[in-house]
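*Asks:* Residue strings, one per chain:
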Amino acid sequence: EVQLVESGGGLVQPGSPLKLSCAASGFTFSSNWLNWIRQAPGKGLEWVASINPDGSSTYYPDTVKGRFVVSKDNAKNTGYLQMNNLRSEDTAMYYCARTRYYGYYFDYWGQGVMVTVSS
Amino acid sequence: DIQMTQSPASLSASLGETVTIECRASEDIYNGLAWYQQKPGKSPQLLIYNANSLHTGVPSRFSGSGSGTQYSLKINSLQSEDVASYFCQQYYDYPYTFGAGTKLELK
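From first to last, the protein sequence lines are chains A and B.
Residue numbering for the first sequence follows my numbering, starting at 1 and increasing by one per position.
Residue numbering for the second sequence follows my numbering, starting at 1001 and increasing by one per position.
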């Protein structure tokens, strides 16, 4: 059974960093893309990062480019999202999700982890 | 960026009814479209991919159709467990973008 479990969320002050983790099981993590999608309270979904299977290529939307860094450790079956210089508008539930290939749909999602940016 | 316009924003329907949700892309996305269902307090779950392919385990009352810039999700014989929000998403090009969502309630 494919499982993705996020951790590391919490309440942080504006300008602070935070690192999220996504523990994967039930599939070959090293052969799949890892993605992060967020959802502000009561709002829609926004894709925030993707990384290819071997970690050599990453993609971001302009809203987080230069502040967020996605990575994966295939030996630990774990992905990460390092978020720097956090802003109030980054407050959201963050989900990790799997895609099989470049330009593909998110076939499995984690349960999400909440990040709140507030002073 | 490809904009995804989803309609309606909310929908009220009766048990057993057929409902349709529409999604329009700002340019041709060549069937690179997925539909997700999100129940309250839960993460999104994949329903449909490649515009019309049913994901594993999804009931056959769900179906997708469309091409080019126009796509739709149809739910036949609405069940109580279908109460949820539904989102379309294009994965034809980066940045991946989602529709704003449709909240489906029972009448």
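Treat the hints loosely; a few may be bogus.
Straight-line Cα separation of at most 25 Å, SDA-like style, residue types lysine to any residue; simulated pairs [to be verified]:
no., chain 1, residue 1, chain 2, residue 2
1, A, K19, A, R100
2, B, K1039, A, S71
3, A, K43, B, P1008
To give an idea of the chain B side of the interface with chain A (calculated C-beta under 8 Å), a few residues [said to hold, decoys possible]:
no., residue
4, N1031
5, G1032
6, P1095
7, A1100
Hints in this document: simulated from the structure, not taken from any laboratory.
From the three backbone atoms N, C-alpha and C, an ideal C-beta is built for every residue, glycine too.
*Asks:* Each hint should be assessed against the structure and marked as holding or not.
*Replies:* Hint check results:
no.	hint	verdict
1	K19/A x R100/A	holds (24 Å)
2	K1039/B x S71/A	violated (29 Å)
3	K43/A x P1008/B	holds (15 Å)
4	N1031	violated (11 Å)
5	G1032	holds (7 Å)
6	P1095	holds (4 Å)
7	A1100	holds (5 Å)
Hint violations for this structure: numbers 2, 4, all remaining hints satisfied.
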